[in-house]
Amino acid sequence: MNTADLNTKLIDSYMSLLKNMSAQNKLDLISKLSNTVKTDLEQEKTDFYKAFGGWDKNESAEDLIETIKGSRTFNRTIEEF
1 MNTADLNTKL IDSYMSLLKN MSAQNKLDLI SKLSNTVKTD LEQEKTDFYK
51 AFGGWDKNES AEDLIETIKG SRTFNRTIEE F
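Position 66 of the sequence shown, counted from 1, bears residue number 66 in the numbering used here, the numbering being contiguous throughout.
Think of the hints as simulated: they come from the structure by calculation, not from any bench.
Only a predicted model underlies this, so the values are computations on that prediction, with no experimental measurement involved.
Treat the hints with care, since some could be wrong.
[Stated by the list, open to error] List time: in silico DSS-like cross-link candidates among lysine-lysine, alpha-carbon distance up to 30 angstroms:
#, residue 1, residue 2
1, 9, 38
2, 19, 32
3, 19, 9
4, 32, 9
5, 57, 45
6, 57, 38
7, 26, 38
8, 50, 19
9, 26, 9
10, 50, 38
11, 26, 50
12, 32, 57
13, 57, 69
14, 19, 38
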């Protein structure tokens with residue numbers, strides 16, 4: 001069974017649950033679903049733009065490398081035989 005068939009069956013199951021709802025409840029559900037889709041799309045757009053310009057320091061690449069290497073800690077101990 002592929003994803004499209006599974007999605008179709010899932011939608012059909014939801015429709016069988018929703019067919020007994022009143023018209024007002026269906027409209028409320030449509031409104032809430034529309035709002036969640038809009039929110040999801042806005043969040044995706046925001047997350048996409050957050051990926052740009054994430055580093056706001058004015059350090060050069062060499063300074064950044066030096067800072068990273070300097071902050072490394074080693075906790076490995078070598079045992080003698």
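Comparing the hints with the structure gives:
Of the pairs offered as hints, the one joining residue 9 and residue 38 holds, with about 25 angstroms between alpha carbons and a cut-off of 30 angstroms not exceeded. A C-alpha spacing of about 17 angstroms is found between residue 19 and residue 32, which places the hinted pair at or below 30 angstroms, so the restraint holds. Our distance criterion of 30 angstroms between C-alpha atoms is met by residue 19 and residue 9, whose separation comes to about 15 angstroms. Pair hint residue 32 plus residue 9 holds up; C-alpha atoms about 22 angstroms apart against a cutoff of 30 angstroms.
The straight-line distance between the Cα atoms of residue 57 and residue 45 is roughly 24 angstroms, inside the 30 angstroms bound, and the hint therefore holds. Among the hinted pairs, residue 57 with residue 38 is inconsistent with the structure: their alpha-carbon atoms are about 34 angstroms apart, more than 30 angstroms. Using a Cα cut-off of 30 angstroms, the hinted pair residue 26 and residue 38 holds, with the two alpha carbons roughly 18 angstroms apart. A C-alpha spacing of about 42 angstroms is found between residue 50 and residue 19, which places the hinted pair above 30 angstroms, so the restraint is violated.
At most 30 angstroms may separate the alpha-carbon atoms for a hinted pair to count; residue 26 and residue 9 meet this at roughly 20 angstroms. Between residue 50 and residue 38 the CA atoms are separated by roughly 18 angstroms; this keeps the pair inside 30 angstroms, and the hint holds. For the suggested pair residue 26 and residue 50, the alpha carbons sit about 36 angstroms apart, so the restraint of at most 30 angstroms is broken. At most 30 angstroms may separate the alpha-carbon atoms for a hinted pair to count; residue 32 and residue 57 exceed this at roughly 41 angstroms.
For the given pair, residue 57 sits about 17 angstroms from residue 69 by alpha-carbon distance, which is consistent with the 30 angstroms threshold. Distance restraint check for residue 19 and residue 38: the Cα-Cα separation of roughly 25 angstroms lies within the 30 angstroms cut-off, and the hinted pair is therefore satisfied.
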